[in-house]
Each structure stands twice: as structure tokens, then as C-alpha cells.
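Given the coordinates of chain F, assemble chain X onto it according to the supplied hints.
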Amino acid sequence: MTSQPVRFYQVGSFAVGNRLFDKENRTVQSDPHRSNSLDSGHRACQGCGEALGARYALDAAMRATGGQLIAVNATGCLEVFSTPYPETSWRVAWLHSLFANAPAVATGVAAALKVKGMQDVRVVGQAGDGGTVDIGFGCLSGMFERNDDVLFICYDNEAYMNTGVQRSGATPPAARTATTEAVGAEPGNVFGQGKDLPRLAMAHGIDYVATATVADLHDLEAKVERAMQFHGARYLHILVPCPLGWGSAPNDTIRVARLAAESGIFPVFEAEHGEVTAVSPIRHREPVESYLSLQSRYAHLFGEHGRPDIVARIQAIADHNISTYGLLEEQAVGTGSNETSP
Amino acid sequence: MLRQIEGSRAVAETVARCRPEVVCAYPISPQTHIIEAIGAMVKSGQLSPCEFINVESEFAAMSVSIGASATGARAYTATASQGLLFMIEAVYNAAGLGLPIVMTLANRAIGAPINIWNDHSDAMAVRDSGWIQLFAETNQEAVDLHIQAFQLAEELSLPVMVCMDGFILTHAVEGIDVPDQSDVDAFLPPYEPRQVLDPSDPISIGAMVGPEAFEEVRYLSHLRQLDALERIPVLAGEFTESFGRESGGLLHCYRTEDAETIVVALGSVLGTIKDAADARRAMGERVGVVGITSFRPFPHDAVRSALSRARRVVVVEKAFSVGFGGVLSTDIAMATHDDDLTIHTVVAGLGGRAITQHSLEGMLVDATNGRLERLTFLDLDHGIIERERDRMTATRRSGPSAENILRDLGTVASRIG
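Protein chains in written order, with my numbering: chain F, 9 to 350; chain X, 59 to 475.
The following block holds chain X by itself, in its conformation from the complex:
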């Protein structure tokens, strides 16, 4: 049943129906509404049994989750941005220990300059941590991915991060179907740990491993991610059977069959990209869209197959590797292995800048006409950059760039569009 509900609230209710036993909370925008709502549900007894723990940092949030999961409890937490970076050591550790923790990442930019709005820099920072990373395109998919995430995590003993765009999804109120408790119970069996701290059968978890075995242990993690690559589409199919709608899977294709130009992206921007593709199609251009849902493990074969008939690929990324370029683009290039295929990286939407259909269409026209460079920053204000570069050349003590640029713009963080 569709209800008008905030994305965060819908995710919180869904997570509660997955019956987590230990939930850690540390506030950071834009995930805070999720843990607030879960906290209220635990406090009222609506979610029980569950231990809701207000910790002193994100590092502790993940660490408490590690202890709880290793003791056989279903553990959940949520974070974003700086919070994810503050817990990063424990993020790697959870994956290394093979603990099936589920975490929502309400994607947000990373400072400095400090910025609370959406992009994907946080998710990219833990790309290599060993977590499964699933990106939701819509709030409905965010809800549905959480149910699949617990199932996937516990089946494979791997942690899963559900990435949903901060504010754009977390704070959007729209019609969302939060599955019934009975349906979730039928889909998601109780957690049966592969390893557990048990005084009656004491084991040591977290031993030191030297060069003689470290590579094998790490390779095993890789194999389990490859297992996830097999399981994710199957799980999505089972989800469709149980809940009657399609959500999840490795990737989503939109009008790609005859497309010459295919735009690839992660997350909520795919909606705007599809609108732009429709508009270009109306103008006679053959444009398609591929949305990657499973970023880690990366679906090489499915991507290659989806892009096999395209002449050019435009990867729209809300993050980039400074001093290099696209992150997702590199993965796409590895997957396609096609020298005749032109791959463009378009970095867009950093720090919450709106990615408009107008700008995307302009970019697509450039791509079709061969005017799009290999690496482009959408809607970049070159004049502002030049002014700051001149200042830096003219004066040694030119001051902090972020403040200089804001002064040039004559605005204080009020114009985010």
C-alpha cells in the first residue's frame, strides 16, 4: 500500500520490520531521521527485542555493530560522509571479519570545505573495503534493497551498505510502499551466524595473520563478493515473486536496445537522466540509460552486455578521483574492454549541486556531435576558477580558496542550485 512518507521514515520502518536486534545511532545529516525513527520504535516497544544504543562516535557505532554481530545478533546502523570516514577502520574490519552488518549510507559530500549535501564521495572512499555496495535509484528501491541486504549479508557473511542519496531521497516525501511485517518475515529468515562467540564452544575471532595466509584470506573475500554477483539477481527475482515489484538486481537498463549513446550512473540522478534521454529520443537521438545497482561487487559481464551495442558511453558521476578522473568510468572501461567505444566521464552534482535535465541534454548534444571531452565537469563556472587562480598567482597569502570563491559569488551557501 502506497503511503505519503519521507524516505528516511520508510527506510526506518522497513529496517524495523527486518527485526534488527542491535541498532547503533550516532547523528549525522542526512541519515539522522532514520535512526531517530528506529529509536522511537524501540523506545515504544514497537520494535522488540532490540537494543538501541546511542554511541559516542561513528567509529563506536560500527565497533558496537561488530561486537553484536559476532555474538549472533542482527546488527544495523546508518551513517553518511564524515561519519563513514570516521568509522572507516571499523568498516574494513567488519568486512575482514565477515560480519553481516547492514548499514544505510545517506550519501553526502566530504569536506573540506564542509558541505552537508549529496554526492557519492563517501561511498567511493570505501569502495575497496570489502562491503557490498548497493545504490538505490528511488526511495521505493531503497526500502526494498534493505530487505534484500539483510538476506544477502547473512547468507554470504558479508556486510552490505545500502547507498541512498542524501536529502534527494532521505528527505523526499512521496508515495512509498513499506512492506508488511508478515511479508518481510516470510522473505527474511532469522539470522544464523557462520561464526559466533559462544562460551560453550569458545573460538578465537580476529587472529593475527601473516604473509603465509593473508593473501588467501583476502582472496576468499573476493570470491564471496563474486558469489554475491550470482546471488543478487536471483535474490531480486525472489523479491519480485514475494512482493510483486522489481527492485535491486545488478543493474537497470532503460531504452538501451538500439541506443548509440548510453548514459551510466548511480542512484537517484537516473530519474533525471531518463527524462533527458526521453527528450533526446524525441529529437531523434538514440539515447539509453544504464543504472548500476550493485557497485560492489561490480557486474562486469552484465555491464559489458548492456553496453555492447553502444557507440559511446557517458558516465555521470557524483564523485571523482582527484588528480585522475572518473571512478565508475574506470570500472566501466575495464568491463567493456572495447577500444572502439568512447567513454566520457561527466562529473556532476558535487556537494549537492542540482543536475538539471537542461544541462544533461546540453551535454548529450555535445556528446552526439563529438564535442564532449573525455572528462567534463558539468556546469562548472570557469570564470570563478580563473579568478581564484589569478589571485593565487598574484599573492602568496591569497587566503582560503573556498571563502574567496564564496566572496566572488556574493553568496553564502544559499544558492545551491
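This is chain F alone, in the form it adopts within the complex:
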């Protein structure tokens, strides 16, 4: 994908409209001939970040492969809302087997394509955070370790949303879920737990690991495109807000995702061969409170009986991310002021 510096933004939110781009730099979604891999009519909730992320990711993968794509899906929201029998929203070849095995099934698809000499057909595996960091991790780690030719995408909404918002290994500290209720001295999920899957993926030494959010869809598409330039195991971790589980307004999905990145709580970066190669710099740093206060899963941290001490601990995590990844613009590698390279 070619890149183009952008000096002006369409709105104050730093979202970049397609009309500010040269034609070849516009999003896949702006193309009337896009593949519509995840087509309309599915049953996702209003404001679903996962549906948005999957649509952009798969259409970008379809464009990158000239439509030669097979998708393997883990059990979860994405699977349930897209294929209520006998309907399907998928306009790609699509296979759902089980909750825990999507990476292994994807390996099998890639192996079959290889043995048949059809390596121009590429494979995407996709799952939510539960299917990636928890129950599917054994299969995912095996797929990474063998370096099978699969792009695995995690749509991370930070809990088991399909079963009613229970804690996963990706649930952040202090967040209320149905199994980490906002009660007691340490309300919500505990501190000091959880898996940093992008880092774990990098530790496998695979060619490409990246994070993205649904707030920056140019960036998301570019990362899918970049991932498709490699053959071997690749991993893309996309933060997808869940209005139902996070208690955020459906029309705030993009805003919440943007605040996750701009507060530093969710670092957006790329890594190749185990080393971070690029980060998306924070252009307008926000305190974590701006991010947390839009979500009722953190409601217990604010108000009359609020917990500024806990908010401060979350802020410390964000600060740590900012310093570790060099997320502030003046720190960031290879970025000019007020410019972005989508």
C-alpha cells in the first residue's frame, strides 16, 4: 500500500476522511467494488466494534489477495451473529469448527492449499479474545511456533461477551464483568493478571505482529495489507469496543477505541521478527479517566464513592505503555509533527 502524509484532518477527532486522500490511498470500504466479506443483515448489536473490525479486516485481506481468501472462525459473537442457520453474512469461503481450535483448523486449511499447490489462496483465522488468549491459546501458540501460513486476527473486546460478559485473560484491571463484579475492596477485575498477547506472539519470533483499533481504520487496513505480504504465521490484535459489555453508548464505539489509543492504555504498534518497528503516536494525549468514564464497566471508579486510587493505578499502566513504546509524538520513531502515514 502506498502512503501519503496527511496534514489536515477532517474533524477534531483526528479521523481522516477518504476525500483527503489520493484515490489509491483511500480505504477499501470507499471502493464501490469492495468484496463485502461480512455483508449486511447480520445480527450484531448496535455499535458492535467486532463487526466493524471484521468487515474492514476481511475486506482488506480480500483486496490484498485478489479475493483468494478462506476464513476460519472460532465460536463466539462473530460466528453467532453472522451465521444463524440457514442465513450467512459471509461472502468469503468460511469455516467454523469449534471455540478453541480456529488456529489449528486454519493450519489444516493452509496445509491442504499447500499440498494442492494453491498457495495463492490465503488463510485468515479469527476469534475473540477468549478464543485467542484463553481457550484457543494452545492451538494458537502451536500455529505460531510451526510458522504456518495463517494470519490470525483477534478481535479483542476484553471479555466473553457472547456468553454474557464474563472475565477473560484479556479483561483489564478494575473492569466489571459478570464474574468480576464491582463489589468488595477490590471491585472489578484484579490487578496483575491478564495476558499481553501481542508480546507473546512476538516472543514466538513470527514475521509480523501488529495491534490496531477500530478508531483508525486506515491503519487497520494497512496492517492487514502488510500482514499479507508475509508467508508464515502473522498476528493482528484489534481492539473492538463492545457497547453491551463495556456499557458504552453504541454511537461512542469509535470514540472509546480512539481514547484507548490516545490515553496509552492500548498501544498501537507493529513488530517484525520479534522487534517493534513502528508505533502510532498519540497526537492528543488524554487521561485514562476520559476513556474509563464513558464505560459503565468502570462506573464504580467514579462518583461519590469513586476510587481515584484505582484510576491512578490504571493511569500508571497507561503511562508505562507510553514510555515503553514511545507513544508520544516527540518520542515516536520516524514520525514528523502533525503527520501520519496511513
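It should be emphasised that the hints constitute simulated quantities derived from the structure, not laboratory data. Every residue gets a Cβ at the ideal spot worked out from N, C-alpha and C, and that includes glycine. Keep in mind that a hint or two might mislead.
Said to hold, decoys possible - Here chain F is said to cover these stretches of chain X; the calculated rule only asks that three of the stretch's residues, wherever they fall, bring their Cβ under 8 Å from a Cβ of chain F: (1) 100-109; (2) 143-151; (3) 197-203.
Claimed, not checked - Taking CB as the label site, the calculated pair distances span: (4) X/His280 / F/Lys203: 54 to 62 Å; (5) F/Tyr93 / X/Glu213: 39 to 47 Å; (6) X/Ile172 / F/Ser304: 45 to 53 Å; (7) X/Val275 / F/Ser304: 34 to 42 Å.
Stated by the list, open to error - Residues of chain F placed beyond 10 Å of chain X at every Cβ, according to the derived structure: (8) Ser11; (9) Cys53; (10) Val80; (11) Glu87; (12) Pro92; (13) Gly125; (14) Thr171; (15) Phe310; (16) Asp327; (17) His328; (18) Asn329.
Okay, now just chain X, sitting in the frame of chain F:
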């Protein structure tokens, strides 16, 4: 041509001649020799094209097979015991998706207590999974069943499990004829999938199905198993025409025509049972044997017909349903529907305990004399059981039973006979 060869090696060579395109390997005794040999054949280029994948678990082995099969590749794997249980979710899934994967099950006991030796507990644990389950009596039959299994699986779009007794068959070196490549090619056409992931004709496989259609989808699986019931004997006949020997089919009858007592069993123990039957016949007792080859689908009609003239049936089982009794016996009782027929369950050979002709003959004498109970455990050491029961009564913290029993026996897993 007969060669002196290990059962596992013969199965591996046969599977290779069936030209699998994706083979997954995860080691578990006693199937390991099979996938080791296939791995070497892929690595050397002898089996090509084939992707041999060393996976991280049996769950992944079946899952990779699912992905490969759904993409139109002929997929094979092998497992046993705990491995089968670890993959059980994917085992059901493969059947539900109608994917013609072939898997060797080197039958082995299930722990705890951990035990690597042969019985049929593993196969029984997936009895209801929707897989076709064929039991080999000999290594020759194990070889031959694999060729028929690929044919049957792909014709019906159903997965097939070839069950062969761990160690007793897998590790036995004997004269086995591994069919030539040209003969296998002539018998087994290339895999033509009924459903396939194809970007030029994209379909969704694995949709969620609610109450409105789930029963119909499941019933269809049952019908396809019934189709298999029709196809299995026909396929065995075609195999005989092509390869010149009898192998497979629904069941094997041995001296049943005039038999008053018929022993029914699965797998390699049938050889010893036939010897015992011959010995009892020499003593004037009319004993016959029925070996079930197709356990799923279960051949109700063929079983009823085979047992129709018997006065008593003794089902020798290397597994049982704890708290109930025989598993195969229940199927036999359902098939025969004869209140005048006495059906005995003899549980034997658990965890690799040798089933001797001597013990079987003793059991048959008891059966003939009306002294055999409806449920018997062959060669069970009642004294040991009583001692442990007493210990459990006397002391709350009586310790782990398995270790207590081994201590009583004064042996550490060395006396398996």
C-alpha cells in the same frame, strides 16, 4: 506378498498407499510407530505430495484434519486413549461437519490410574460421536480396513475410525500382506469432496443451527450411518474381488451354525476365543463365535440373524459402563430382542490383562452349566478388592486405592499377565 512386519509399520505403509494429503502427528502410545513411519515416508519423499504436521496436541491433530478435509484434502491421523479423549470435542465436530477423515485408534485403557495397555474404553467413549467404528481382528484386517475406510468415508462424507488393539496388534511382528500401490490406486479413487472451501465458490460451513433444524441435521447423520450399514458388506465384497482375501464386512461368524453358546467380541481377542471354542467343541460342547467388525453403525439385523439359533450368548468386552455393565452387550440385547436368549457380559482384559484360553474355557464351562452370572469380571482378584474395601471402611484417610492395591500385590506394574 507376506512380509514379517510390525502391525504399526504395515498400517503406516498401507495408509501411505492410500495417498493421504495431510497427516497430523501427536505422539501417544501405542499408535506412535504409525505416525513415525508415515513421517519418515513424507520426509524422504516416498509419500508425496503430503503435508506431515507435528501438532501440539491431539485436539489440534483433529482440528488440523478438519481444516484440511474441509479444503478438499484427504486427511489422516492416529491416536489412542487419553489422546482420543483430549480431542473428543473435535471428534464430534468432524462427524457433525460430515468430513471424511480416517483415524487409526490404537485401543488403550483410559486413566486414572494411568495405564498404557490395551482395552476398548477409548473407543467406547466416542461410540455416540457419529464416526464409523470398525474393529480389526488381525493386523491383516487392520491393513485392509484402512483401505476400505478411506473409500467408505469419502463415499458417504463420514469420518471412519479403524480400531486396532494397542500393543497386541500395533506392536506384533508377523506375516502381513501390504497391498501394492497399483492395487490400492485401482480400488481407491481420488477424494471428491461433497463440500469444499473454495474462494471461487464461497460457502459457509459450520453455521449455528437452532431447535428448528438441529434434529433433522442429526437424523441425517443417522441415516448416513444406516447407508454405511448397506455399503460396508458390499465394499468388503469388492475388496475381496480386488485383493483376493476376505476382510471387513459387518461381522465374522465362526462355527455358529449349530452353536448353542455363541461368544461375541470385538478385536484381536477373537483369535483366543476361537481357540477356546475349538477346545470346547473337542469336548462335545457346541460353541461358536461372532466377531463384530462394524461396531458403529451397529449391524442389528446381521447380529440377530447370526445369534438366532443360540441358546446363550456370552459377550466378552474389554470395556464396561461403570455402574451399569456391558456396552456391547446392551447393543446385542437390543438387536436380538429375544427373552428366551440368555446374554452374559464378561468384562475381560482391562488395562492389558491377558485374556487366556484357560480362563475363557473355564468361563465357557460355567456358562454351559448355568453357573455364569449375568455380569462377570474375568480373573478378578476378589481378595484384593476385599482388602481395599476393608481398609476404606476402617480408615477415612485410607489413601489412593491404586497404590494400596499395588502394595498388596507386592509388584509395581511388572506383572501384567
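Going down the list of hints, with the structure as the test:
1. 100-109: Three-residue rule met by the segment 100-109 of chain X, so holds; n is 3.
2. 143-151: holds (count 3)
3. 197-203: violated (count 0)
4. X/His280 / F/Lys203: 54 to 62 Å: 42 Å, violated
5. F/Tyr93 / X/Glu213: 39 to 47 Å: Taking Cβ atoms as reference, F/Tyr93 and X/Glu213 lie about 26 Å apart, which means the hint is violated.
6. X/Ile172 / F/Ser304: 45 to 53 Å: 49 Å, holds
7. X/Val275 / F/Ser304: 34 to 42 Å: 40 Å, holds
8. Ser11: At roughly 28 Å from the nearest Cβ of chain X, F/Ser11 sits farther out than 10 Å, so the non-interface label holds.
9. Cys53: 16 Å, holds
10. Val80: 6 Å, violated
11. Glu87: 7 Å, violated
12. Pro92: 6 Å, violated
13. Gly125: Label violated. Min Cβ-Cβ 8 Å, cutoff 10 Å.
14. Thr171: 14 Å, holds
15. Phe310: 38 Å, holds
16. Asp327: Fine: 37 Å to the nearest Cβ keeps F/Asp327 off the interface.
17. His328: 32 Å, holds
18. Asn329: 31 Å, holds
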